[in-house]
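Asks: One-letter residues, chain by chain:
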Amino acid sequence: MNMYDSPEREAKLDQKATKISARNVQVYYGETHALKDVSVDIQDKTVTAFIGPSGCGKSTFLRCINRMNDTIDSCRVEGTILLEGEDIYDRRVDPVQLRAKVGMVFQKPNPFPKSIYDNVAYGPRIHGLARNKAELDDIVERALRRGAIWNEVKDRLQSPGTGLSGGQQQRLCIARAVATEPEVLLMDEPCSALDPIATAQVEELIDELRQDYSVVIVTHSMQQAARVSQKTAFFHLGNLVEFGDTDQIFTRPQDSRTESYITGRIG
Amino acid sequence: MSAMNDKHILSSFDRDLESIQANVMKMGGLVEAALANAAAALENRDVELAEQVRAGDKAIDALDVTVKTEAARLIALRAPTAIDLRLVLAVMEISSHLERCGDYAKNIAKRTLTVTGGTEIEGAHGALRRMSRYVEEMMKDALDAYIQRDVAKSQEVIARDAEADQIYNTLFRSLLTHMMEDPRNIAVGMQLHFIAKNIERVGDHATNIAEQTIYMVTGELPDDDRPKQDRTSLTLQEGPIQ
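Chains as they are written, first to last, in UniProt numbering: chain A, 1 to 267; chain B, 1 to 242.
No lab work stands behind these hints: they were computed from the structure. All of these numbers come straight from a predicted model, not from anything done at the bench. In this text, a Cβ means the ideal position worked out from N, Cα and C, and glycines have one as well. Check each hint, because a few of them may be wrong.
[As the list claims (entries may be wrong)] Selected chain A positions facing chain B (Cβ under 7 angstroms, derived; list incomplete): (1) 250; (2) 252; (3) 259; (4) 262.
[To be verified] Here are some, though not all, of the chain B residues that point toward chain A, as calculated from beta-carbon distances under 8 angstroms: (5) 10; (6) 82; (7) 84; (8) 219.
[Unchecked claim] To list a few chain A residues with every Cβ distance to chain B over 12 angstroms, as calculated: (9) 62; (10) 80; (11) 106; (12) 107; (13) 113; (14) 138; (15) 181; (16) 189; (17) 197.
Make a model of the complete structure from these sequences and hints.
Replies: This is the structure:
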């Protein structure tokens, strides 16, 4: 058989490239061992959901991916996390540059107390992505369009971002995160403060963002994980218990702890 | 998996699941009784019992509708996942299989009313009764295995279908022989053959129920590689055994 049409090769082509590769990641907060030996490959152009009960380590792991844990003094991270093959914990890596590549959206919409325009322009300005006003206008418009909020705000770009509704604020924050052309978008419960309609809009947006980015979302809503993600990771007591295709995790999980958690039983 | 026996945090979810399963088991009980009564009515030429079986199918059909409605409600309101989802899907399938078996029992009863009073084919009624007992046993075990979530028992039910097919083959050839010997046997022989086929189909549905149990427990349907013993579709070329 010709090696070029072997099924193995086709299966390989079908697989998406690995964006983030974590190996044996341990996180300690002082004496507390919060994340235990997590190894996982996160694919490009895929939505990966992290689920698990409170305190399971899912947010801790998410925050490792853009070194948000650096800001916590007692926090110690071991193991390696590669972004496109580069160790993000290498001493030469500037965390500020890293966070431009790995954007983050938080639980509560947190627009700066500035205009809608300046909220989005902030990142491109500090990273010097625009040479002049016209270029910056372009970047802002493109980001707001990607954030699926352009039509709602194009006539009031100078109004304060804080004056928008909760759902609009969150989409503004997503637009702000994509303005620096990141490679990865991290979302920590991006819809938990939103009503169902705003949630649906953000979920639709997440699905669109998947065309260009690797999206990692932490969510307490298992239905949301099921709706928006292609891969799901279940964390429990600091361990990555199970990682697999979302449809497999929700129809036939392999681990009994996953089964107990997603079916709403006491594990 | 010990965690599977744990209760849901939301106890009303457990009550919904239990209710839907209770209705399926009730259906199973009615179907088993209908099959046993249909076969007994045939053997004893009991017209009254045959009429009872015919009338009783309504209750089975109604339960099928109840189960499907409850399942739709559970999917809409509870968004079941994993074992819960597989349970609901399996319950819907099993309900359909049982409903069909109820129809077979009803059909046997109808044909019983036709053949009663006609010529009798020697030994056929007894053989049908034996075959019926055999598939009733399969059905009972399939339902027990479902309730006990017993994969081994389900596999054993699936394996037993080959024997049901064998019994049917033998009966088919015997009926064919009688009909060839004396054309006056044809009218009754045809009816009895339909009855035999109905009973044989019940064995197939018991097998399908067993497969659903395996799906529910493991998440995978077993391969459909059991040997097919029903060779009657080839019989015209081969001719009956003398």
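Asks: Confirm or reject each hint.
Replies: Against the structure, the hints:
Hint on residue 250 (chain A) holds. Least Cβ distance to chain B is approximately 5 angstroms, under the 7 angstroms limit. Using the Cβ-Cβ criterion of 7 angstroms, the hint placing residue 252 (chain A) at the interface with chain B is satisfied: the shortest such distance is roughly 3 angstroms. With its C-beta approaching chain B no nearer than about 5 angstroms, residue 259 (chain A) sits inside the 7 angstroms limit, and its interface hint holds. Annotation: residue 262 (chain A) was flagged as interfacial toward chain B, and the flag holds, the nearest CB pair being 5 angstroms apart, inside 7 angstroms.
Look at residue 10 (chain B): its Cβ gets to within about 6 angstroms of chain A, closer than 8 angstroms, so that hint holds up. Checking residue 82 (chain B) against chain A: minimum C-beta separation of about 5 angstroms stays under 8 angstroms; hint holds. Annotation: residue 84 (chain B) was flagged as interfacial toward chain A, and the flag holds, the nearest CB pair being 5 angstroms apart, inside 8 angstroms. The beta carbon of residue 219 (chain B) is positioned within 8 angstroms of a beta carbon in chain A (closest approach about 3 angstroms), and the interface hint is therefore held.
With a minimum CB-CB distance of about 23 angstroms to chain B, residue 62 (chain A) clears the 12 angstroms threshold, and the non-interface call stands. Every beta carbon of chain B lies more than 12 angstroms from that of residue 80 (chain A), the smallest distance being close to 33 angstroms; the non-interface claim holds. With a least beta-carbon separation of about 27 angstroms from chain B, residue 106 (chain A) lies farther than 12 angstroms from that chain, consistent with its non-interface assignment. Against chain B, the non-interface label of residue 107 (chain A) holds: every CB pair exceeds 12 angstroms, the least being about 23 angstroms.
Its beta-carbon lying about 39 angstroms from the closest one in chain B, residue 113 (chain A) satisfies the requirement of being farther than 12 angstroms from that chain. With a least beta-carbon separation of about 43 angstroms from chain B, residue 138 (chain A) lies farther than 12 angstroms from that chain, consistent with its non-interface assignment. No Cβ of chain B comes within 12 angstroms of the Cβ of residue 181 (chain A); the nearest lies about 36 angstroms off, and the non-interface call holds. A cut-off of 12 angstroms between C-beta atoms confirms that residue 189 (chain A) is not in contact with chain B; the least separation is 19 angstroms.
In this structure residue 197 (chain A) is separated from chain B by more than 12 angstroms, as the shortest Cβ-Cβ distance comes to about 19 angstroms.
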